[in-house]
Each structure stands twice: as C-alpha cells, then as structure tokens.
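Residue numbers (the working numbering), protein chains in the order written: chain C, 30 to 371; chain E, 30 to 371; chain L, 30 to 371; chain G, 30 to 371.
Careful, some of the hints might be misleading.
[Stated by the list, open to error] Here are the simulated DMTMM-like pairs of lysine to aspartate or glutamate, each with C-alpha atoms no more than 25 Å apart in a straight line:
(1) L:K217 x L:D73
(2) L:K282 x G:D73
(3) E:K278 x L:D245
(4) C:K278 x G:E92
(5) G:K67 x G:E92
(6) G:K278 x C:D199
(7) G:K58 x G:D120
(8) L:K217 x C:D200
(9) C:K217 x L:D294
(10) E:K237 x L:D280
(11) C:K237 x C:E360
(12) C:K237 x C:D280
(13) L:K278 x E:D197
(14) G:K89 x E:E218
(15) C:K217 x L:E218
(16) L:K278 x E:D245
(17) E:K58 x C:D134
(18) E:K58 x C:D56
(19) G:K217 x E:D65
(20) E:K217 x G:D73
(21) L:K237 x E:D73
(22) E:K217 x G:E218
(23) C:K282 x G:D120
(24) E:K115 x E:D99
(25) G:K58 x L:D245
(26) C:K282 x E:D73
(27) C:K58 x E:E218
(28) G:K278 x C:D200
(29) L:K237 x E:E218
(30) E:K115 x E:D134
(31) L:K282 x E:D199
(32) L:K67 x C:E218
(33) G:K58 x L:D56
Derived by calculation from the structure, the hints in this document are not laboratory data.
4 protein chains.
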Amino acid sequence: MTQRIAILGASGYTGAELVRLIATHPDMKIVALSADRKAGMTMDQVFPFLRHLDLPPLVKIDEIDFSGVDLCFCALPHATTQLVVKALPRDLKIVDLSADFRLRDPADYEKWYGAPHAAVELQAEAVYGLTEFYREEIRAARLVAGTGCNAATGQYALRPLISAGVIDLDDIAIDLKAGVSGAGRSLKENLLHAELSGGTHSYSAGGKHRHLGEFDQEFSKIAGRPVLVQFTPHLLPMNRGILETVYVKGDPKVVHATLAAAYADEPFLKVLPFGALPSTRDIAGSNFFHLGVVGDRIPGRAVIVAVLDNLTKGSSGQAIQNANLMLGLEETAGLMLAPVFP
Amino acid sequence: MTQRIAILGASGYTGAELVRLIATHPDMKIVALSADRKAGMTMDQVFPFLRHLDLPPLVKIDEIDFSGVDLCFCALPHATTQLVVKALPRDLKIVDLSADFRLRDPADYEKWYGAPHAAVELQAEAVYGLTEFYREEIRAARLVAGTGCNAATGQYALRPLISAGVIDLDDIAIDLKAGVSGAGRSLKENLLHAELSGGTHSYSAGGKHRHLGEFDQEFSKIAGRPVLVQFTPHLLPMNRGILETVYVKGDPKVVHATLAAAYADEPFLKVLPFGALPSTRDIAGSNFFHLGVVGDRIPGRAVIVAVLDNLTKGSSGQAIQNANLMLGLEETAGLMLAPVFP
Amino acid sequence: MTQRIAILGASGYTGAELVRLIATHPDMKIVALSADRKAGMTMDQVFPFLRHLDLPPLVKIDEIDFSGVDLCFCALPHATTQLVVKALPRDLKIVDLSADFRLRDPADYEKWYGAPHAAVELQAEAVYGLTEFYREEIRAARLVAGTGCNAATGQYALRPLISAGVIDLDDIAIDLKAGVSGAGRSLKENLLHAELSGGTHSYSAGGKHRHLGEFDQEFSKIAGRPVLVQFTPHLLPMNRGILETVYVKGDPKVVHATLAAAYADEPFLKVLPFGALPSTRDIAGSNFFHLGVVGDRIPGRAVIVAVLDNLTKGSSGQAIQNANLMLGLEETAGLMLAPVFP
Amino acid sequence: MTQRIAILGASGYTGAELVRLIATHPDMKIVALSADRKAGMTMDQVFPFLRHLDLPPLVKIDEIDFSGVDLCFCALPHATTQLVVKALPRDLKIVDLSADFRLRDPADYEKWYGAPHAAVELQAEAVYGLTEFYREEIRAARLVAGTGCNAATGQYALRPLISAGVIDLDDIAIDLKAGVSGAGRSLKENLLHAELSGGTHSYSAGGKHRHLGEFDQEFSKIAGRPVLVQFTPHLLPMNRGILETVYVKGDPKVVHATLAAAYADEPFLKVLPFGALPSTRDIAGSNFFHLGVVGDRIPGRAVIVAVLDNLTKGSSGQAIQNANLMLGLEETAGLMLAPVFP
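One chain only, chain C, in its complex shape (with noise of 0.2 Å):
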C-alpha cells in the first residue's frame, strides 16, 4: 500500500532531495509539502529541477492534516525543530533531518548548540538514525533522528574498529572534505561560485564542529569510556560528497579486515580491496559509501578513506532508508539509483 509522505521544510537542498528520491520510489507518495516562507509557491517555482512532477503545493505547516500522513519528514534548521516537532501529532511517524535529536544528554545538545533543549523528552523518546548500527530500534521508532552528513562519514570508518578494540583510542584524527551543498543554501560570501570555486580552506577546525557532539557520543557509548577525536573539516570547490581521510593507529591489514567483515551483508556499503582508495565522484546522487584502507609506511599505522553523497546516504537518502523501515518497506525500496557519473 503506498504510503503517505509530508515532508516539512521542502524548500531547501535536502527537501528537494527528499522530492527527488521520493519520486521514483515504488511505496510512497508525497501528499503535503511545507515551506514557511515560501507558502503559496508551488515546488517547481522554487525548484525548477522538479518541474516534471505533480507535487502538492508548498503550504504552511498549520495547514496540514497530518490525519492523512503516514510518515513525515522534517528537513528544517536546529531550534525551529524541536519546536515544531513537540507539536505535531504524537502517533506521528517521523524522520528527522535536523540535529535536534542526534544528542541523547540534554547537556550535551546544550554544550553543542548553545541553549537549552525545549524537548528533552523528545530527545529521549528518539533513536540515532545511522541504520546499520540502529536497525532494530528504527524498525520499531516513532521518532528518528538523522545523523550529520560528516558524522555519518567518520563512524562508518570507525564503529567496527572501535568495537573490536583494534586502534588506539586516544590517537584518530579525521581529516574532512566536504562538498559545499552541506552548507545548505544559505546565501554566505564563501559559498558564492567566485569564492570558492578554484579555493578550498578549512573551517571549524580544532574541535568546533558540532558534529563532534555525535562522535563523542557514539564512540565513547561503544567503547565504554570516553573517546574524543580529532575533527578538522575543509570545504571544497565542488557541489555533493564527503571524504574523509582518518588516521588510525592499528595494524593496516586487520583495519581492513574488520571493515570489510563488518559491511560484507550490506547493501550500501562498499569496501574496496585493501590498498585501493575510492573518490566521490563515484557516489554522487546515490546511497552509496565506498571505503578503502592503506598502510602508512610507518608501521602500526593505517589511513582510511570514506566518501559518501551529504545529501543522500549522508542525509535525505539515510532518511528514506530509515522510513523505509519504520514503515515495514524494504530498506532498500527507491534508493538503488546508481550515482551520477561524469
């Protein structure tokens, strides 16, 4: 039976590629979209990109029914969410883009994102949406949140070594580069084409980025003791992709092998032999993660490589995954897309 899709926040880059999964996926069907500011436009007026499809128009998210809802999305920014959230429906499916819901601890979120949470029983009724690692509780959620694009990127790489006790934990450095549509489209001197194409420079770097919130929480949980890595995050000079350079200590060979143990069932996750290193270009626009695993030179040292689409696996397609789940669907249901290449 198909099922029936809000997805509040249309307007943005992971809106629009919630739309854009959404419309060749074989169980669901989108019956309202909200956009605050943009109420009364119609998607493809916003988005021309969408033009070839019968959407519903963009309204205010108080002018929706959320009776004929199974399943909403909310792609809007930190704050706003848990807010709105808080006053939806409370038998209402819901997969959350933002990062209201990533932080377990209260004091965490507020450490993170500067104020307090206005809905700390919201955030405890939630589950950490990265779905390899949260199947079952997702399959049985109401309420999931989206992990960060970055975030997503480095526990790939790291969950299963941290879990088998493999590296030094107190020695990881992720060193990220990040395809600007992560920055959403946020009208800001940097993110202008003259700017920042042909340029590439760090940002939040030396701890800052608050998706170290989500690491710390996630690796400390799995090691049983606290874990902080190292985090410095670059933007480049192109539109989709993560890649993640991370500097582990362990040995090279058992890195790889307990990687691709970990992912061998996986659908969307690719390990790459050992020695080869994959590039964004070939996840663009799809689900998929590629990984690879050199040894440094220096022995008892291993690099690790990970690239994955910010706004599909990363965010909207992650998303999807998860409804796909919450909704007895086949996880894999619409997001076999293969990427888009050249």
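Following the hints, position chains E, L and G against chain C.
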C-alpha cells in the same frame, strides 16, 4: 518479461550511462558488455561508480552469444560502428548511439564524415531516433540510429516551428553551449580540468560541426526545401548539459504557442511559460528537456533557449526510450529519474 | 612623480581588482580606501588575498581628505554613485566604474535605469571610457565613465565594422557568455557554487540588459542612424571572463581585415589570424582582449568571437588605463601583467 | 643590466609560468626557449595566453647558444633532466625545477625514483632551493634544485618547529589537498574536467609520494635524527594551489609563536593571527605563502594549515626568487604580483 540487453562499447561515457539507467530499469537486464581494449576487465575497474552492480565482465564483441540477446545497444565510435553492425545477426534489434546511421543519403554521410559508408544497405534501413517525431517508425524498426546530442536539442526547438511555417527559414542561428562529457573520455589538452575549468571557447564554428548534417537532412525534409541553419558550438566548464540559444524571426508568442502545443502531451519535453528560460542545472542526469521562449525588443524576433543532458536525453536516455518502444515496453520505463540538483 | 590614489567602494570585486593592479603599478600609490558598511576594517580582513600589502584602513567617504588625492576611482553601485560624485571636489580627477555616467542623454539613463538622473550636469561632462575610441577626450577629461564590461566586449567587436560600413546594421546578434564575477559579491541563490557550478542559463534575455543602452548610444552615433542589436547574456560556471559570439552579415574576410587593421597598433587588443578563435582562459587576470573571425558556411555571414576579463579590461584595468591617460602617465603602465593560465 | 634567460622545457605548465612571471620582471629577458617535441612552433601556438609577448621561437636544446645566456631555467621531466644538465656548459648558472637534484644522497634518489642517478657529481654540487632556508648557499650556487611544491609547503609549516624542538617528532601527519596543475599537462583520464570536476580522491597514499624523500632528508638533517612524517595527498577540483593540514603534538600557542617569529621578516611568508586559517583562493597566481595555526580541543595538539600556489611559490616563482639571488638582483624582483581573486 525481462529483456536481455547487450551493450557494445561499454567503456565510454555513453556506455556507462546506459548501464546507470538500466540499473534501475524494471524490464531490462544486462547480459553482455563489450569493450575491445579493456576486454578481461570488470566494469567496476573501468567505472568504480558502478561497483554496487552485478554485471557481466567486459569481453570482445565476438565472444558474445547474441542468440540470448533481445536488444543490443551499440556505443562505439563512428566508422567502426558500421563495420560492427554489419557483422551482427540480421534479426537482432539494435539501437546505435554513433553517427553512422543518422544520415540517410550516402553522399551526405561521405560529405560530413569524410569517407564512403561501408554499410549502405543498413543506412537505408535505419530509422532516425528522435523519438517524439519518429515514434511509429521506431516501434517497428530493427535498427534505430540515435541522434546527435546537439542535433536533438536544436530539432526540439525548431521542428514544430518549421512544420508550422511560423519562422523565416533563411535566418536561423543556433548558438550552442555544451558540457564536456559530450566530448567523451578522449584525452585532449583542452579537455583537461586545468585548461577547461574557468574557460570557454568556440569550436567547429562557421558551419563545420557534423551535426549540421542532421539539421540539414531533417529541416529540409520538413520544409520541403533546403534549409541551412547557422550553428556555433562552444565548450563550457561543466560536465553534463547542453544549452542552445536559437535566434529566429517570427512572432514570439506564436513561436511559444506552437512549441507548447506540440509538446503538451510529451512526458519528457517541457515548455516553460512564455518569457521564462531554462537552465542546464535543472535537467542534469535526467531524460527531461526544458524549453523557453522570449521575445526580443526588436519586433518579429524570438529567442528560444533549450536544454537537455547530452548523455541522457541527448544520447543514452534517448536510446533506452527508443529501445522501450522497439521492445513493446512502456516508453518511459526506467527513465523517470528526477534530475540531480544541486 | 607618484600619483596619490583614492578608491571609493573598495570592498567590492572591482575595488579589490583596482588594488590588485595598483599594487605593482610603478606610478600610483593608494592613499585612501572607502567602504561604507565596512569602515573601520582593514582591507585584508575583507580581502585576505591583499594581506601582503601595506594599505590605508577602510573609512567612510567623508573621512577622506581629497586635497591629498590626485585621482579617485569610484567603484560604487549605480544611483549611489551620482550622489557621491556630485559631492566630490569639482577639480578632482575621477574615473567612475559604475553605470551612472555612461549614457549621455538623461532620457536614456531614465529609460534603462528606471529613475531620473540626479547629476545631469556631470552626466554631460563625463567622457565615455572606451579608451581606444576616446583616447584624446579621456586625456583631457576630469570625469571618465567606465564602460559596461559586456558593452566593451561588444563594441570592440563591432565599432570598426559599423564605421567602415561593412556589415548589415539591421541584423546583428550578440550572444554573450559571462563569468560570475561580473555579478559582483552579491548574495543570490543562483550565484552560489552549488547552483552555478555545472549549470548555465540565460538572463536579461530579449533586449532587457542595461548595457544595451550603451550599445544603442554608441552604435547609433557611429552609424548616424539608429542601430539596434540583439543581445542575449548567459551566466557561466566560471569566475573571470566574457566571451561574446557576434553574428553579422558581411564578407568574413572583409570583417576580419577591418578589425585587424583597426587594432594593429593597439597594445591590448589582439586580433587572431582569420579562422582562429579565442578562449577566455587566455586573457584571465589581464588587460588583454582577443578577437577572432570565422566565415559561416552560408556566404555573406561572419561569426566574431571576442574575449576579455570583465574585472580587468572590462572594468578595473580599463579604469587604470584611462587614469594613466588622465594623469599623463604611460597608457600601459602597470597593465602589462600576463594572463594567469592555467 | 638585463639578465639573459633561457628556459628549457617551455611547453609545460612550469615553463609557461616562468614566461608569465618574467614577462614583467624588470631585470630579465628571455633569449631562448626550448621544447623538444614542439620545436619550430611559436610560444603563442602552444600557449595562446602569451600571445602579447615578443618571444623567441621554440627550438631544440642543442640549437641554443649558451654563451649568450646568463641563467638557464630547466623545466624538464625528471631523469631526462640529469642528462641534459650534465651536457650544459659547466659555468652556466642553472635553476632546475625537476626532482633530479633535490636529494643529496644517490641512494635516496634511487630509492624514490627507481633508477640510479646519472650525474652524481652534479647532485653533490646542487643547492636545495628552499630559498628562505638556503639563502646564502643559493646566492653562491651555480646549480640550484627547486623543491617539490608539496615538499615546500610542508617544510614551511614544520622546519622552524623541528628546529626549535617544540613538537613531537614521531607523530606528524600532513594531509595535502592539491590543485590539478601540479600534475602538469599530462593526458590522463582522472585529470579530465569531466572526471575531476566535482570529485576528489587521494593518491600516492600510505607513504608512497616521492616528495617524502625531501621531507625525510630535510627534517632528519634539522633534527639530527631520523624523522618520518605521514603524508597523504589528495587531488582537488581546482587548478592552482596546495593546502596542507598538518597535525602535530605540541603547544598550539608555542607552535604559532615559533612560526610567526621565524617568518616575521620574510617578504613572501605570511603567518596569520592565532586561530585564523588561510585559503588557497588568497594566494593563487602569486608567490605568497599563508599559514595559520589553531589549537585542537585536545590539549597539546595543534593543527597548522598552510597554502601556496604550486606553480608560483611552489615552483616557477620560487625558481625566479632563487635566480634573483644567484644573479645579484633584488630577491623579490618581479615577484610582488598580487594574487588573482576572485
């Protein structure tokens, strides 16, 4: 019943694009892939973005058993193609993506491609693959010749206008802006990122581009008299997409109304409201074509802007659309993928 | 003797480009920089690429003592400019980069810019800054109005042809491809890297672009009768450079010979051999202009392709060239920097 | 007195960059240009962006009369270079841009470049061309070996720290992001615009990149003990520029102070205020190097980000800086060109 598909020349961009599209096609399965110089390799060695697919290995053409093939896509270079197709079984359905069977008149072929045609009888048999204008012939055809990507874009903009007699046939100029994937995976200095990025230039200007052969053949046929257009191509620092700006003399509103009426029921051809113009970013990765018309300040002159993705609607998507017809499938099967933006 | 230079509006791209060029100019020294909203900041806070220079701080215009200034560049938005220039000392030499003094007729200004001109007497005084065609007037001028970057490109391609009477004046079409720096540092969605990269689109099509006011004024003056051209601009995913493809009716060889003769002694205007066409990548960052002519296959039609860097020859480089003349310096002083390639 | 300059290997990017810079050098004049496979062509046929210059034609090396040459830049591939330099007059001043004379120990050369050195005596004579650290030796040298562009970037970030003993020598990781012009004008699929644009990937990871030979040689010499760094290069979709993110263990404030003190008087090396980080867009086309330091949230760890233009400060600009010293000219002569932005 799933149709068994072979792709000859699978190691080029159009071959890879066929695989990308067929990956989620509900009624097609790839049973053979050829690539002469890369025979023996697997497809993911040549195109890592296809890593998630279970594909047959790359072989030489003569290793393929065509008795198990329902339809064969031929994505080989021109000149080579005519020799290969000539040697294929005479009852095999073929969609050719090269230039070899686009021109019906052997003299035209020789004029534009500089050598006599080696399979003149097949040239006569081939149906020109501009789907929306040759639908019934394609449905009945055994051999369909895919159009040039530039030629398709210009024909969509001009055919209904020439048919309807609403523009001056002696004063048509097409200024084309093309993404670099149209040049294929060829290794040339001006296709290097270092040289193309941040630069644009004209090529084959002054009436030398081979797709003019198609324009001449088709426009003259429709008009019942010789029609020669001006055609000036430019290479742009982008990967996918063609934008053609077409300068015509005629009433802009009539031009718009004629095109809008012609394409009102077409699933892939979208005419924007009068005065709105399209962008390549809105069709990338998809089989959609967008067209807009604006009136110039000089009365009696109209400017048409048309866009499509050269690898999809301009080549491999068009090929699948034609194959769908030849195989009795739904014309849009596997082709409703939304564009990828941003 | 070193000339003391002020730049008003130093926080935009053309202001920064003036600083870049003056940094190695042998006879100019920057003594004042204004930027209203960024007053109090240093230039390297606004433009870190100028970090190595010892520059005056950004101030408000009324903080500048113009008695110590030999020449003032005004790089402010149009409309604002006329009010600012009106208030400057009447004996101050000024090169204006805005649109405010390009059109001589107040009615033309109002037609294209939508409001009456507030400094009509200065409008009359201003000399149009297309250096190669107004050299003597500029040498004697107090106030020079820099041309539009698109307008400069098209005029270089067409003025000698109109003067010589070798083309049909009623059938001229200019198809422009422009890099994004021409849009300035303005924050708009379609200037974001995520939206522009990989995409191209037309804008102000159909005779709405304001630089048409300059084309009309200048071409009609040369021809001694009204001349209206078609002008269709496109925005490209590149930062610097304009390429204009100009369609004219006339003998291609005569067109070429006329242009080659006109520019034979010009230090910055280079005409390529007949049949060769230029690329934007060959003039980026420089004050050079390249032009090529090719004959169309239709007899009596020529295609001209012309390129320049919109920020340099199209704006700030042109401004310095004019300033050199006004200050009695060598015309090419500080402007012989080679293009940056790749 | 104007110095007479020859450039061997003028048809590559570093050769062209030498010509670009010398074009406005006050004390140098190009008297000979070689390019073996393109001998007989003019420079503007190979590089149209140099069209405005009056340059000698491209010839074969043995056609050059070196008696009229004051200094020769050698921009040839490694391995070829050592044979060519060996055959040049023994009193000719030479700045070599290849890898052939960077490593002092013949065994090191063989280890990293896979073949014995054919001019061991010249290898011993050559001075390592990292100007700021070998200034006096370079002034007196006849043969200077330009550094690797990646090696220069990393050494600027690390040498003062190793000298001062303020970081842990056993835990240094350099994560490099490099623009594509560093790969030269070579024709490879992954350097095509269609493949690189929108994609990034790691290469020579795990300690295989040849510039490690330089790091090892120099850092071990300074430390007086073996120092091995981790070095992981990535290719980015940009043309000019290198950004290196260097992970060190040491007090961040001390790290910053040490670097700031070391470069306080350097004309080309700029250290940003503590906590500020540089971008490649701010040095493109120039001989400037920008460096920033930030402290990680983990105490005792610092992140250094350093940028330069691989073709200028990393190669041809450095070469001219060295040539200036060797010829008794002002060290900065011809090199104060501001970066090109945007």
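Going down the list of hints, with the structure as the test:
1. L:K217 x L:D73: 24 Å, holds
2. L:K282 x G:D73: The hint holds at about 23 Å.
3. E:K278 x L:D245: OK: K278 of chain E and D245 of chain L at ~21 Å, within 25 Å.
4. C:K278 x G:E92: 56 Å, violated
5. G:K67 x G:E92: Roughly 13 Å separates the two Cα atoms, so the pair holds.
6. G:K278 x C:D199: Satisfied, since the Cα-Cα distance of roughly 13 Å is no more than 25 Å.
7. G:K58 x G:D120: 20 Å, holds
8. L:K217 x C:D200: 42 Å, violated
9. C:K217 x L:D294: Distance ~44 Å between K217 of chain C and D294 of chain L Cα, so the pair is violated.
10. E:K237 x L:D280: 18 Å, holds
11. C:K237 x C:E360: 34 Å, violated
12. C:K237 x C:D280: 30 Å, violated
13. L:K278 x E:D197: The given pair, whose Cα atoms are some 16 Å apart, holds under the 25 Å limit.
14. G:K89 x E:E218: It holds: about 22 Å lies between the C-alpha atoms, which stays within 25 Å.
15. C:K217 x L:E218: Between K217 of chain C and E218 of chain L the Cα gap is close to 10 Å, so the pair holds against 25 Å.
16. L:K278 x E:D245: 21 Å, holds
17. E:K58 x C:D134: Measuring from Cα to Cα gives roughly 49 Å; hence the hint is violated.
18. E:K58 x C:D56: Cα-Cα ~22 Å, so holds.
19. G:K217 x E:D65: 19 Å, holds
20. E:K217 x G:D73: 18 Å, holds
21. L:K237 x E:D73: 50 Å, violated
22. E:K217 x G:E218: 10 Å, holds
23. C:K282 x G:D120: 53 Å, violated
24. E:K115 x E:D99: Answer holds: K115 of chain E to D99 of chain E is near 17 Å, not above 25 Å.
25. G:K58 x L:D245: Outside the cut-off at roughly 45 Å; violated.
26. C:K282 x E:D73: Holds: K282 of chain C and D73 of chain E sit about 23 Å apart, inside 25 Å.
27. C:K58 x E:E218: 47 Å, violated
28. G:K278 x C:D200: With Cα atoms ~11 Å apart, K278 of chain G and D200 of chain C stay inside 25 Å; holds.
29. L:K237 x E:E218: Violated - the C-alpha atoms of E218 of chain E and K237 of chain L are around 38 Å apart, more than 25 Å.
30. E:K115 x E:D134: 17 Å, holds
31. L:K282 x E:D199: With Cα atoms ~22 Å apart, K282 of chain L and D199 of chain E stay inside 25 Å; holds.
32. L:K67 x C:E218: 14 Å, holds
33. G:K58 x L:D56: Cα-Cα ~22 Å, so holds.
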